[in-house]
Amino acid sequence: MNKKGTLIAVVVAAVLILFPFIAPKFQLRMITEIIIFTLFAMTWKMMLNEGGMFSFGHAVYFGLGAYASALGWLHIPGLSFLSGIFLGALAAALVAFILGAFLVRMSGTYFALLTLAFNQLIWAIVWKWRDVTGGDDGLGKFPKPDLFGLSMKNPVTFYYVTLILIGACLYACWYFTKTPMGNVARSIKSNEERAKFLGFNVQATKLIFLTLLGFLAGIAGALYAQFQEFIATSVIDGMMSTNVLFMAYIGGTGYFWGPIIGSGIFVYLSEYLSSFTDRWELILGLVFIAVVLFAPQGIMGLIQKKK
Amino acid sequence: MAAGIGERRIFRGCGFPAVISAGEDRNLGERNESMDALASTIVIQILHGLAYGMLLFLVSSGLTLVFGMMSVLNLAHASFYMLGAYFSYQMLKWVGNFWIGLLVCPILVAGLGILMERFLLRRVHAGGHVQEFVLTAGIAFVVMETVKWIWGTEPLPVPIPALLSGSVNIIGNVYPAYRLFILFFSLVVLAFLAYILMKTRLGITVRAAVSDRDMVSALGTNTPFVFMLVMGIGTWLAGLAGVIAGPFISTYPGMAGEILVDCFVVTVTGGLGSLGGAVVASFLIGQLSSFGILLIPRFAIVFAFLLMAVVLIIKPSGLFGEKG
Numbered sequence: 000m001n002k003k004g005t006l007i008a009v010v011v012a013a014v015l016i017l018f019p020f021i022a023p024k025f026q027l028r029m030i031t032e033i034i035i036f037t038l039f040a041m042t043w044k045m046m047l048n049e050g051g052m053f054s055f056g057h058a059v060y061f062g063l064g065a066y067a068s069a070l071g072w073l074h075i076p077g078l079s080f081l082s083g084i085f086l087g088a089l090a091a092a093l094v095a096f097i098l099g100a101f102l103v104r105m106s107g108t109y110f111a112l113l114t115l116a117f118n119q120l121i122w123a124i125v126w127k128w129r130d131v132t133g134g135d136d137g138l139g140k141f142p143k144p145d146l147f148g149l150s151m152k153n154p155v156t157f158y159y160v161t162l163i164l165i166g167a168c169l170y171a172c173w174y175f176t177k178t179p180m181g182n183v184a185r186s187i188k189s190n191e192e193r194a195k196f197l198g199f200n201v202q203a204t205k206l207i208f209l210t211l212l213g214f215l216a217g218i219a220g221a222l223y224a225q226f227q228e229f230i231a232t233s234v235i236d237g238m239m240s241t242n243v244l245f246m247a248y249i250g251g252t253g254y255f256w257g258p259i260i261g262s263g264i265f266v267y268l269s270e271y272l273s274s275f276t277d278r279w280e281l282i283l284g285l286v287f288i289a290v291v292l293f294a295p296q297g298i299m300g301l302i303q304k305k306k
Numbered sequence: 000m001a002a003g004i005g006e007r008r009i010f011r012g013c014g015f016p017a018v019i020s021a022g023e024d025r026n027l028g029e030r031n032e033s034m035d036a037l038a039s040t041i042v043i044q045i046l047h048g049l050a051y052g053m054l055l056f057l058v059s060s061g062l063t064l065v066f067g068m069m070s071v072l073n074l075a076h077a078s079f080y081m082l083g084a085y086f087s088y089q090m091l092k093w094v095g096n097f098w099i100g101l102l103v104c105p106i107l108v109a110g111l112g113i114l115m116e117r118f119l120l121r122r123v124h125a126g127g128h129v130q131e132f133v134l135t136a137g138i139a140f141v142v143m144e145t146v147k148w149i150w151g152t153e154p155l156p157v158p159i160p161a162l163l164s165g166s167v168n169i170i171g172n173v174y175p176a177y178r179l180f181i182l183f184f185s186l187v188v189l190a191f192l193a194y195i196l197m198k199t200r201l202g203i204t205v206r207a208a209v210s211d212r213d214m215v216s217a218l219g220t221n222t223p224f225v226f227m228l229v230m231g232i233g234t235w236l237a238g239l240a241g242v243i244a245g246p247f248i249s250t251y252p253g254m255a256g257e258i259l260v261d262c263f264v265v266t267v268t269g270g271l272g273s274l275g276g277a278v279v280a281s282f283l284i285g286q287l288s289s290f291g292i293l294l295i296p297r298f299a300i301v302f303a304f305l306l307m308a309v310v311l312i313i314k315p316s317g318l319f320g321e322k323g
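Quick mapping for you: the protein sequence lines, in order, are chains A and B.
One point on numbering: in numbering that gives the first Met the number 0, the residue at position 81 of the first sequence is 80, and numbering is uninterrupted.
One point on numbering: in numbering that gives the first Met the number 0, the residue at position 253 of the second sequence is 252, and numbering is uninterrupted.
It should be emphasised that the hints constitute simulated quantities derived from the structure, not laboratory data.
Note that the Cβ used here is the ideal one computed from N, Cα and C, for glycine as well.
Among the hints, a few may not be true.
What the hints assert, rightly or not - DSS-like mimics (lysine-lysine), calculated; alpha carbons at most 25 angstroms apart, straight line:
1. Lys24(A) <-> Lys140(A)
2. Lys188(A) <-> Lys314(B)
3. Lys188(A) <-> Lys24(A)
4. Lys195(A) <-> Lys92(B)
5. Lys177(A) <-> Lys2(A)
6. Lys304(A) <-> Lys3(A)
What the hints assert, rightly or not - Quick look at which bits of chain B chain A covers, simulated, 3 or more residues with Cβ under 8 angstroms:
7. 89-97
8. 116-127
9. 144-157
10. 260-271
11. 295-309
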């Protein structure tokens, strides 16, 4: 990261740290949601931009993270906050690994379609397996354990914990792009054949990459479960997969800051528009179309072009 | 499914009504005791599956043609199906004749499809798959919200035309005539489509473009114009399916999402771009959902997706696909 990037990161971090002191309560809730979705959108963007894989079923990892951790908190007595999140992330990573074993052999549209098929398959199982998941009624009333003696029921504490956890995950994402393996993943994206000829194990790299991103998306999902204190099949359905795609795309999939800005705009727009019109989803849809037509590189693309 | 639950979701599977909808003959369940109950249940179930399968075919044939030619996975395709159903509802209200709606509405829908291709899809085609995905998803979003805005979220019943409101006796079962109409009408459309594809100049061009677009373009065909036509035909088929689906499963904002997922299963299983594959896969999925709901009602929906995943894993190009 260059000097300017570091500066922006520091400023953003400072604003986020001071945020609870300057903003009213309901905005704190919104920004917490934005931060959670930032990580989710970042994993999607990483998959596309660093790995060249277009995922159309990304809600699987997010949703399984949410469900696994919620079930953990519900059924394992005394499961701590962080262990619950870890459990969710682990479940998501495990499923990402299993699905990934099939996915890495695909490319292009077929990859996207298989992710869609898996998403629908797992969504349908979650939806219909009422005994465990609660089906349409969802899961609620799972405990919200304290962390280091701090009550997570306090929105400010929850905000800081979310910020630190997700900040660390985002840093890990950024760090990954600088590692040798990150380079290999990018080389596969730009030319899979050539990477293969250079002796890299393409499928293994993709699989590890997928599992890693599944883990991170699982963390976002688990946090989301605690944030909402309730989860339903909407965390794992195709709509969620579409939403994350929108978030990453609005911000710009080619830029590190893209998903961060994108999830901010997406959540803010949904909240803001829905506060004064019932037709907010229509406006949101029109915004997507406008972004595709006029800013194909996303908002970040527009900003970069102006410079 | 109640409109309240499914309306916001673009994707939802298996919209096949296991129970006969209110508009249809309520005597359907009554069986002639003298007949072998099992055999007649199977026949009825096969007919159900065929009717839904044909509906699926009408929608997914457009999807698969458009994909074959333009490599565009049109997420908004099912929205045209929904528009067909709503237009038909409106037409029925204004004109009071189902058959005029059947003639006019698909053409209106096709017009919208052509406009979408010309002014939206074509502009982002160079941008690749991600852009097309987001664009068509955005359009699906907008169509659904507009439909909710104009017609509300409640399911709107479309009466079955008087001519077909009766029922037919099939080996001791009373079967709604309208479902048989769906079956035969779709077969006629299928024959028509096959004729166009196999025998006309347009069909030859389309088939050539499916196998090698650049070559066809280099040989002097105006491929963008052919794309537009194919898009028009595809959306016309979707609109047609929507019109005849109205009285069958009633008209509601979630109907697009429900059939879209099934159509994806059909197109992928049959092979992207393969019309023959779409026929076979529609038949398969129709029977699968018909018997699945009868035998294992709870997890019936899972099997279609499982089939799609398994086919993709074993043969990514689908049962009849050539590429991939």
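Going through the hints against the structure:
1. Lys24(A) <-> Lys140(A): holds, 23 angstroms
2. Lys188(A) <-> Lys314(B): Between lysine 188(A) and lysine 314(B) the Cα gap is close to 23 angstroms, so the pair holds against 25 angstroms.
3. Lys188(A) <-> Lys24(A): Since the Cα atoms of lysine 188(A) and lysine 24(A) sit roughly 43 angstroms apart, the hinted pair is violated (cutoff 25 angstroms).
4. Lys195(A) <-> Lys92(B): violated, 62 angstroms
5. Lys177(A) <-> Lys2(A): With Cα atoms ~16 angstroms apart, lysine 177(A) and lysine 2(A) stay inside 25 angstroms; holds.
6. Lys304(A) <-> Lys3(A): This hinted pair holds, its Cα atoms lying about 16 angstroms apart.
7. 89-97: Since three or more residues must qualify, the claim that chain A covers the segment 89-97 of chain B is violated, with 0 doing so at under 8 angstroms.
8. 116-127: holds (count 4)
9. 144-157: That given contact holds, which follows from 3 residues of the segment 144-157 of chain B lying within Cβ reach (below 8 angstroms) of chain A.
10. 260-271: holds (count 5)
11. 295-309: Our answer is that it holds, as 8 residues pass the Cβ test (under 8 angstroms) against chain A, meeting three.
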